[in-house]
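Asks: Whole structure, please, built from the sequences with the hints as guidance.
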Amino acid sequence: MTLVQLKYVLAVASFRSINEAAASLFVTQPTISTAIKDLESEVDTKIFNRTNHGIEITNEGMEFLGYARQILAQADLLKEHFKKKKNSTVKFVVSAQHYSFAVSSFIRLVEKFGMEKYDFCLRETRTRDIIQDVHNLSADVGIIYFSKNNSRLLKRLLKEQNITYTPLARLTPHVFISNKNSLCTRPYVTLADLKDMPFLSFEQGGYSADYFSEEVMKNPEGSRMIRVSDRATLFNLLTGLNGYTISSGVIEQELNPEIKAIPLVEKGYMDIVILQHKDITPNPLVDTYISYLKDALPENCLLSDDSEIDEEI
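Numbered according to UniProt numbering, the sequence shown spans residues 1 to 313.
It should be emphasised that the hints constitute simulated quantities derived from the structure, not laboratory data.
One thing to keep in mind: the hints can contain errors.
[Stated by the list, open to error] In silico DSBU-like cross-links for lysine-lysine, where the CA-CA straight-line distance does not exceed 30 Å: (1) K278 to K91; (2) K117 to K83; (3) K294 to K218; (4) K267 to K218; (5) K159 to K91; (6) K278 to K294; (7) K267 to K294; (8) K267 to K148; (9) K148 to K218; (10) K155 to K91; (11) K37 to K7; (12) K278 to K159; (13) K7 to K46; (14) K159 to K148; (15) K159 to K294; (16) K180 to K155; (17) K159 to K218; (18) K267 to K155; (19) K7 to K148; (20) K195 to K148.
Replies: So, in structure tokens, the structure goes:
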């Protein structure tokens with residue numbers, strides 16, 4: 001039994017004539033006659049009686065036609081659903097800490113998959129809000145980091161929120177400074193070199209700065225601190241106030257040519273991890289976005305999915 005056979009049956013029932021049904025469907029009369037004969041044989045039911053006055057519908061045929069209409073209606077709904085889905089707006093949301101590699105990867109994703117209709121969102125926000133975004137299904141993927149100081153608490157929180165994490169890369173702390181800073185030509189810097197400079201960090205609201213901070217460490221010798229909420233302001237202040245921040249060391253020079261990353265001579269690490277909700281099917285764009293993130297990070301720093309990320313380096 002096919003949908004085409006059902007369409008033929010309904011057409012014949014409507015016109016009460018095989019010739020007229022064939023003309024309306026742009027097929028030959030023998031095509032419809034053979035299809036209906038095969039269908040009646042398959043379901044062992046006489047649907048039509050052929051008389052000198054035309055086509056008559058049998059009692060069993062009336063019942064069959066009722067089911068046939070339902071089946072064709074469902075088929076039309078199915079086709080329309082996936083047609084709309086194919087032409088629907090492509091959506092993808094990233095909630096991340098303030099990383100330029102997340103931005104450059106996002107740009108690649110939009111350039112690759114930005115169809116005629118799309119609604120993409122890159123939300124740079126607080127650590128706790130990233131976790132909430134993934135938990136509440138407001139984001140397809142989250143990006144944060146683990147360190148020796150925060151990993152135990154964050155992992156417990158992620159478990160409570162039904163969020164999985166996938167290791168992406170292990171990075172060492174770097175100082176971000178203006179390319180006009182006198183330290184920018186140094187091969188490395190120490191915390192002592194930075195003690196008289198303003199330290200800029202991303203504010204975390206009322207949450208504990210020790211566990212949710214984006215900066216892997218603070219300068220215990222420094223007394224000048226400025227908190228900001230967005231990356232553009234932080235970079236402007238780095239330049240305007242000759243300040244610094246401590247981050248991953250991965251900076252997209254094309255996007256931020258005025259910022260220089262200098263290795264910091266301090267023991268520590270930042271494990272960049274991808275967050276996803278445990279109980280939903282991932283957005284098809286997630287894997288592609290992760291592959292772009294890996295392209296944007298130093299190859300020798302990448303971690304496998306089953307890497308142990310608790311050990312200090």
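Asks: Each of the hints needs a verdict: does it hold here or not?
Replies: For each hint, the structure was consulted:
| no. | hint | result |
| --- | --- | --- |
| 1 | K278 to K91 | holds, 19 Å |
| 2 | K117 to K83 | holds, 14 Å |
| 3 | K294 to K218 | holds, 27 Å |
| 4 | K267 to K218 | holds, 13 Å |
| 5 | K159 to K91 | holds, 26 Å |
| 6 | K278 to K294 | holds, 22 Å |
| 7 | K267 to K294 | holds, 24 Å |
| 8 | K267 to K148 | holds, 10 Å |
| 9 | K148 to K218 | holds, 14 Å |
| 10 | K155 to K91 | holds, 28 Å |
| 11 | K37 to K7 | holds, 14 Å |
| 12 | K278 to K159 | holds, 9 Å |
| 13 | K7 to K46 | holds, 17 Å |
| 14 | K159 to K148 | holds, 18 Å |
| 15 | K159 to K294 | holds, 25 Å |
| 16 | K180 to K155 | violated, 39 Å |
| 17 | K159 to K218 | holds, 28 Å |
| 18 | K267 to K155 | holds, 22 Å |
| 19 | K7 to K148 | violated, 67 Å |
| 20 | K195 to K148 | holds, 23 Å |
Of the numbered hints listed earlier, those contradicted by the structure are 16 and 19.
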